[in-house]
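> This is what each chain is made of:
There are 6 protein chains.
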Amino acid sequence: MFLRIDKLQTELPPPKRQDPNEAAALQELLGGKYGEMSTLSNYLFQSFNFRSKSKLRPFYSLVASITAEELGHLELVSNGVAMLNNGPDSEADDAGDGGDISGAPFADMKDIRLAAGFFSHGGGAVPVNSNGLSWNNDMVTTTGNVVVDLLHNFHLECGARLHKLRVYETVKDPTAREVCGYLLVRGSVHAHAYALALKNITGVDIHKMLPTPNIPLGNIPECQKYLAEGSHRRLYRFSPNDYEEIAGIWGNGETALPGDPPGELEVIAGMPEGGKIHQLTGVPSAFTPDYAPEEMFEIAKKLTAKV
Amino acid sequence: MFLRIDKLQTELPPPKRQDPNEAAALQELLGGKYGEMSTLSNYLFQSFNFRSKSKLRPFYSLVASITAEELGHLELVSNGVAMLNNGPDSEADDAGDGGDISGAPFADMKDIRLAAGFFSHGGGAVPVNSNGLSWNNDMVTTTGNVVVDLLHNFHLECGARLHKLRVYETVKDPTAREVCGYLLVRGSVHAHAYALALKNITGVDIHKMLPTPNIPLGNIPECQKYLAEGSHRRLYRFSPNDYEEIAGIWGNGETALPGDPPGELEVIAGMPEGGKIHQLTGVPSAFTPDYAPEEMFEIAKKLTAKV
Amino acid sequence: MFLRIDKLQTELPPPKRQDPNEAAALQELLGGKYGEMSTLSNYLFQSFNFRSKSKLRPFYSLVASITAEELGHLELVSNGVAMLNNGPDSEADDAGDGGDISGAPFADMKDIRLAAGFFSHGGGAVPVNSNGLSWNNDMVTTTGNVVVDLLHNFHLECGARLHKLRVYETVKDPTAREVCGYLLVRGSVHAHAYALALKNITGVDIHKMLPTPNIPLGNIPECQKYLAEGSHRRLYRFSPNDYEEIAGIWGNGETALPGDPPGELEVIAGMPEGGKIHQLTGVPSAFTPDYAPEEMFEIAKKLTAKV
Amino acid sequence: MFLRIDKLQTELPPPKRQDPNEAAALQELLGGKYGEMSTLSNYLFQSFNFRSKSKLRPFYSLVASITAEELGHLELVSNGVAMLNNGPDSEADDAGDGGDISGAPFADMKDIRLAAGFFSHGGGAVPVNSNGLSWNNDMVTTTGNVVVDLLHNFHLECGARLHKLRVYETVKDPTAREVCGYLLVRGSVHAHAYALALKNITGVDIHKMLPTPNIPLGNIPECQKYLAEGSHRRLYRFSPNDYEEIAGIWGNGETALPGDPPGELEVIAGMPEGGKIHQLTGVPSAFTPDYAPEEMFEIAKKLTAKV
Amino acid sequence: MFLRIDKLQTELPPPKRQDPNEAAALQELLGGKYGEMSTLSNYLFQSFNFRSKSKLRPFYSLVASITAEELGHLELVSNGVAMLNNGPDSEADDAGDGGDISGAPFADMKDIRLAAGFFSHGGGAVPVNSNGLSWNNDMVTTTGNVVVDLLHNFHLECGARLHKLRVYETVKDPTAREVCGYLLVRGSVHAHAYALALKNITGVDIHKMLPTPNIPLGNIPECQKYLAEGSHRRLYRFSPNDYEEIAGIWGNGETALPGDPPGELEVIAGMPEGGKIHQLTGVPSAFTPDYAPEEMFEIAKKLTAKV
Amino acid sequence: MFLRIDKLQTELPPPKRQDPNEAAALQELLGGKYGEMSTLSNYLFQSFNFRSKSKLRPFYSLVASITAEELGHLELVSNGVAMLNNGPDSEADDAGDGGDISGAPFADMKDIRLAAGFFSHGGGAVPVNSNGLSWNNDMVTTTGNVVVDLLHNFHLECGARLHKLRVYETVKDPTAREVCGYLLVRGSVHAHAYALALKNITGVDIHKMLPTPNIPLGNIPECQKYLAEGSHRRLYRFSPNDYEEIAGIWGNGETALPGDPPGELEVIAGMPEGGKIHQLTGVPSAFTPDYAPEEMFEIAKKLTAKV
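Protein chains in written order, with the UniProt record's numbering: chain A, 1 to 307; chain B, 1 to 307; chain C, 1 to 307; chain D, 1 to 307; chain E, 1 to 307; chain F, 1 to 307.
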């Protein structure tokens with residue numbers, strides 16, 4: 001079972017301008033082969049399909065709890081996409097009669113890359129990559145063989161790191177850059193964790209391949225505050241009471257990777273403090289939430305008052 | 001953010017025999033157009049993309065909290081699939097040298113419908129339908145328009161009910177039937193909830209279309225215990241503290257649908273008690289978790305001891 | 001614009017038994033690469049996109065009018081699919097309370113190849129091939145170059161003939177065999193027509209490649225009545241008043257292919273007489289049209305009475 | 001069976017300039033999830049698969065006859081796409097030696113969104129969305145359950161309306177705007193018709209949800225002439241003699257939706273008068289219809305003369 | 001550039017009986033995620049896209065030359081598929097008038113899993129998996145980053161080994177088992193080679209993870225003759241003169257993996273001796289090569305005589 | 001079996017500037033329906049699946065040997081794509097610390113059409129078309145019927161010629177134009193060869209349809225040097241010793257097509273001389289081959305020295 005908290009794992013700064021192609025770049029991190037839909041779904045189905053759960057508890061718990069974190073990553077990237085497509089909030093736009101729609105008010109949407117994203121989703125995020133292609137089952141690996149699955153996961157996190165780096169190098173808006181910075185730190189933790197799991201089973205020091213690609217997090221300004229708070233050494237359990245056994249893998253005297261701020265690895269019982277979810281003000285002229293939403297707002301207000 | 005609890009929403013009885021084609025039937029409820037990947041992803045992305053969240057709080061909270069329940073539905077169906085592919089647990093099979101693999105021990109897998117499910121996933125669940133076709137973005141509707149999205153969700157839950165009924169009529173194993181019975185009750189709650197949301201906004205008594213298809217839950221033996229406990233009148237918040245505003249929609253004097261056991265609708269602060277996750281004993285001859293896993297078990301034991 | 005007539009191009013005999021895998025074989029002729037969705041859509045979009053329509057009128061009219069016939073072919077195959085999935089009509093089944101659904105009444109559907117066809121469509125036809133894969137745009141050729149398009153169409157009809165022959169060799173039910181027999185005759189006409197169009201433009205006697213594959217229609221019992229009535233020499237305009245210019249290609253002294261009953265090619269102003277559409281009796285236990293449809297029947301009766 | 005008439009349902013004004021990205025926007029209305037391929041195919045296959053046709057005649061006839069109208073909608077959008085990709089007609093371009101092709105005469109095509117549309121189709125329409133993704137079977141709903149299918153259709157028309165509105169807000173060319181204006185009026189009729197069908201069966205006033213999105217047709221200049229002629233109150237039978245029973249649903253004292261010009265709903269025996277199909281002058285340098293088409297024109301002339 | 005030799009890498013024993021579902025199992029090794037289309041295409045495109053080829057020559061040459069071997073693997077599996085679909089050769093069937101096609105001579109094809117494989121390909125191999133799903137670009141990884149690509153390749157070969165083992169455990173025919181046995185040995189070589197490449201760059205002893213899954217080749221009877229000839233220690237250059245630099249990776253004192261017959265790794269200048277390609281006798285009644293092919297045979301004979 | 005030679009079939013001039021959208025145009029010739037993946041795969045699988053190989057040797061050998069040439073075409077286009085995405089070589093960029101990545105150094109990639117091509121492949125070629133859609137099995141025709149397959153191949157080469165012409169008309173860079181010029185000549189040879197094969201079997205002078213589209217190679221400057229050397233009259237065996245029987249089809253007194261430089265057709269025992277493969281200098285800031293590759297270069301140097 002899963003519970004939901006109405007917060008993001010980290011707070012995103014508001015976008016400085018509407019930039020649908022930059023939002024599309026973030027979509028690569030959402031629905032691309034190495035995006036969050038992939039990491040999430042790989043671990044989610046691996047955890048469902050895990051054999052001999054009780055006898056392999058530390059490995060099962062590792063995959064199961066990282067899954068919960070990945071749900072929050074998917075949420076973070078999706079929020080970034082929607083924010084960049086929407087642009088800075090505009091209180092004025094959030095009500096009224098929707099405005100005159102006959103003057104091609106969205107002519108700018110004609111030339112963006114993911115035009116269908118405006119027509120179909122009004123700028124919302126969906127599980128597609130930066131070219132609008134759907135995420136799908138070909139991106140799910142769950143073989144039932146623990147070594148093959150963990151090896152796949154290690155490679156997946158390295159590939160994901162490469163993609164995040166390239167998206168980071170492409171975007172300028174602080175919203176998008178924050179998404180990349182945060183995910184680079186957390187993705188590095190996951191790569192490290194899967195490497196340690198493999199090391200425990202096979203005896204191979206595969207964590208010595210990290211960082212791959214060969215660039216330290218320290219080179220990326222947006223990672224600094226997360227490194228400073230020790231995020232690169234923390235694995236959250238993302239569960240009130242379960243998955244304690246991951247401490248057998250993430251801990252046990254293992255330390256941060258060379259090049260990152262030093263210190264011991266630690267398992268955190270809960271979750272990060274997180275930040276508030278951005279308000280996406282409506283755009284009535286795009287029928288989001290609708291053309292003339294005041295009545296709807298009024299109804300919602302009354303319903304809320306009854307609670 | 002999301003948290004994870006190491007339990008299922010309801011406990012599934014163990015399968016009586018291995019039945020890959022029956023597992024494939026359940027896959028329709030996982031990765032088909034009206035399956036759990038669809039309900040989950042529609043509400044997940046709608047909640048990410050929701051405009052004017054604070055002004056439309058009851059509607060946002062409804063979509064957001066049902067999302068969390070759908071994650072557990074996906075988990076439930078996936079567990080059912082893996083259990084049916086695996087068959088009754090066999091302690092003896094869970095260790096040793098994997099056995100002789102040269103005598104075509106899996107010749108039975110040659111003629112099953114989802115052969116790739118054995119070759120690639122060792123019988124695990126993946127986001128495909130009963131013919132092995134991948135779930136994809138064409139099954140996600142998130143328009144940003146609140147009425148269109150809610151209307152879509154209402155139709156989706158009705159379609160899902162129809163599919164669940166047909167799968168139910170096809171399967172014989174108690175594992176599969178329990179999955180269907182539980183989901184039919186909970187799916188009816190979601191259809192009802194979206195209908196009430198629409199009624200509040202548009203004034204149309206669309207909940208009077210329920211049940212669609214036109215058959216009461218009372219006709220289905222596997223639904224009885226859930227009806228008896230009032231599950232059809234309960235909407236769980238699936239959150240420690242958030243989404244209270246759904247009580248403005250689910251409550252307010254609204255009652256159970258005619259034909260179902262009567263009573264007032266109620267919001268439950270937490271989540272259902274749930275049941276334990278089934279152990280999937282390994283099949284070393286199928287390399288799950290591996291060919292000779294004893295050493296791996298030993299390592300896991302030591303790691304667990306360190307926690 | 002298109003008009004619709006509530007008849008099939010030829011009448012199909014009722015199926016002798018329910019046979020979902022035989023229905024699935026027919027699906028290859030509906031949604032396969034060389035199926036009716038492909039022939040239809042190729043000609044439909046070619047006719048929309050045709051350049052210099054007035055200057056190339058006979059060629060435009062040929063493509064445009066064959067399109068209308070293909071719509072009826074799609075209808076014919078689809079009816080065959082639905083009839084074979086449904087089985088012989090059963091008046092008794094068409095009403096009542098739907099019956100007891102808790103005894104796995106559709107357990108037989110568990111092992112059919114297109115299980116999703118039962119779960120999602122209740123046995124109805126959809127644009128997929130015999131393995132359930134969707135027809136899609138990769139099967140549409142509309143280059144705008146008249147010679148390339150006509151050459152493609154000629155090859156497409158030859159390929160379609162091969163596929164129809166193989167499906168014919170696989171099926172035993174009279175419904176399915178009639179579909180194949182009728183389409184083999186009409187497909188041969190289309191191959192012949194495109195060959196004559198190419199011959200007029202390029203001077204190459206490409207119709208001398210026919211029949212491809214190298215077997216005369218005379219070998220196929222189900223084709224005899226259509227040959228006897230001269231169907232292989234007729235091209236219907238499928239339009240009240242348009243597309244007369246096709247007589248410049250199909251006619252002009254051209255005669256039937258060697259091996260087929262001899263005679264001159266002729267353009268028919270209207271359409272074939274056609275046959276009645278099969279009634280598909282409902283299966284309330286499969287929720288088609290619904291679980292307890294009597295009230296619906298009553299309403300329909302009253303509405304009809306008002307007309 | 002279907003007949004074809006060589007006219008469009010309404011006449012489209014010629015484009016003012018070539019605009020491939022605007023044509024791509026129209027593709028969303030052709031091959032997008034809520035596009036004409038979807039509305040057409042949903043109703044087409046539902047009509048093929050309809051159970052108990054004679055007992056549910058008004059509902060069957062409604063779906064069957066709207067199908068015929070949708071074919072014409074597909075034709076209308078496709079013509080719009082081809083016209084916008086082609087630009088204003090240029091008599092001079094329609095013959096000759098094709099011109100010098102070595103100077104990158106189509107360099108402008110390098111940066112358009114649907115580049116494959118030029119390379120493969122020479123600017124013709126195909127069943128893809130505004131990002132070039134193929135329409136496919138995941139967009140077909142035909143469950144065999146009449147209430148679920150009608151509810152789906154109602155939701156589909158509402159979603160289609162939203163998409164048409166957003167495309168309308170994006171395009172400036174009169175060709176594209178006329179396509180949107182016409183389809184908005186006709187789509188509203190279809191939403192209204194399905195709502196009335198549902199109301200007859202279920203008793204729920206679901207038509208009171210209309211218009212969704214919440215904006216009257218009166219706000220859209222391009223809709224005015226169609227409203228003035230009463231198009232919003234007319235349902236065409238699109239058949240010489242069949243489908244009369246739809247008058248039981250569309251009629252019976254029902255009136256136009258509030259906000260639209262008032263009046264009774266009426267069934268029209270035939271079809272709209274329609275308008276001429278635009279000539280798409282060839283572009284020999286793009287090999288449409290070919291590089292040096294004069295000889296082809298000459299041959300066509302002679303063949304036409306023989307008819 | 002590539003050259004072609006009209007031989008297989010190893011000779012396949014003829015099939016004992018026609019077995020389309022066993023052929024379908026082999027398709028997983030052809031078009032599945034870890035099949036030969038994937039290994040081939042990953043290395044093919046990586047070799048095309050390789051940066052700094054001259055400075056990284058041993059690594060480039062490794063990927064480039066293994067590509068050539070993979071082409072032969074694809075050929076081997078494809079031959080196996082076609083042989084199993086065809087069954088034992090039947091000289092008598094190879095000519096004549098094709099036989100009577102009206103008695104449903106291929107009724108057996110109705111119930112096979114890949115029915116489209118018979119209808120469309122007459123039993124030939126195509127790039128799809130064991131459920132008929134197409135191989136596609138989502139299965140290609142070519143990041144341009146040498147470490148990520150090599151790590152991916154190592155994981156791919158381990159996954160491919162797992163899939164080959166499961167297919168091996170499912171099939172009984174000597175043709176299919178020989179395909180698996182040969183590919184298991186050669187796949188192990190490739191896994192080993194990529195591990196050594198990674199070891200050279202990163203210093204990590206990743207080859208110590210082998211074999212994964214954890215079962216020695218010695219357990220598989222069909223591997224014995226290849227082990228005996230030392231195939232597990234040989235890397236072929238598959239080039240007349242190029243790619244010598246691979247000896248820097250495969251060689252240099254490295255030895256066979258523990259558990260396999262011991263010895264030094266060696267680079268072979270040429271290619272394996274190979275075996276003859278199986279004659280696939282025609283099935284005229286299935287129109288392969290055609291219905292009455294004698295005339296075609298006669299023509300071919302004359303053309304050959306002219307050479 | 002296949003051998004590999006470390007050369008291209010013809011040498012490509014270096015690109016004058018980086019132009020990702022021009023590279024994307026070339027992708028149409030790689031992964032589009034009529035691209036090199038299609039020609040290659042059609043002939044490759046047809047050659048695997050060919051029935052009665054010995055009795056139809058000239059036809060088998062024709063398909064089998066052209067396959068080998070197509071592999072080189074795929075390589076040529078892929079090299080062109082990678083070169084255009086990379087731009088002119090820059091020695092300076094090929095080493096060092098990768099540079100500062102925090103200043104959005106790849107902001108230009110945000111607006112290109114195939115953004116995923118940069119994020120996922122660092123500008124490398126993959127089997128997708130100019131809109132990023134994957135090549136797939138729907139583009140493979142291998143029916144087992146020799147006439148249908150050859151007819152398909154003839155049409156495929158004509159279609160491919162049309163696509164190459166349109167891409168040629170769109171690109172300006174000498175790298176891209178050289179790719180088109182070379183492939184136009186070689187594609188014409190293949191169309192001619194398949195036409196002659198069909199003529200031999202059916203007696204139809206189908207080669208008289210050539211050239212289609214109706215423009216001589218002489219109009220294209222980039223084709224001149226290849227015409228001058230007689231490439232349009234040469235069919236290479238691309239095999240050390242096999243496939244000699246193609247001389248029965250390509251030869252026998254057949255001559256060049258009218259409009260091209262005259263002369264007899266000739267089979268060449270070997271392969272063209274070819275040209276060197278372009279060095280793709282690394283872009284460490286894009287992590288190709290990695291961020292700081294000097295150490296990797298050093299290791300490669302030492303490994304090479306050992307050979």
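Treat the hints with care, as some may be off.
One copy or any two copies: either way a pair holds, since identical chains are not told apart in the list.
As the list claims (entries may be wrong) - When the alpha-carbon atoms are kept at most 27 Å apart in a straight line, the in silico DSS-like pairs for lysine-lysine are as follows:
no., residue 1, residue 2
1, Lys172, Lys225
2, Lys301, Lys172
3, Lys306, Lys53
Derived by calculation from the structure, the hints in this document are not laboratory data. Bear in mind the structure is a predicted one, so any value in this text is a computation, not a measurement.
> Compare the structure with each hint and give your call.
Results for each hint:
1. When the C-alpha separation of Lys172 and Lys225 is checked against a cutoff of 27 Å, the pair qualifies only within one copy, where the shortest distance is 19 Å, while the shortest distance between copies is 47 Å.
2. With identical chains, the CA atoms of Lys301 and Lys172 are never at most 27 Å apart, being 38 Å at best within one copy and 39 Å at best between copies.
3. Taking CA atoms no more than 27 Å apart as the test, Lys306 paired with Lys53 passes between copies only; the shortest distance there is 18 Å, against 45 Å inside one copy.
Of the numbered hints stated above, the single one contradicted by the structure is hint 2.
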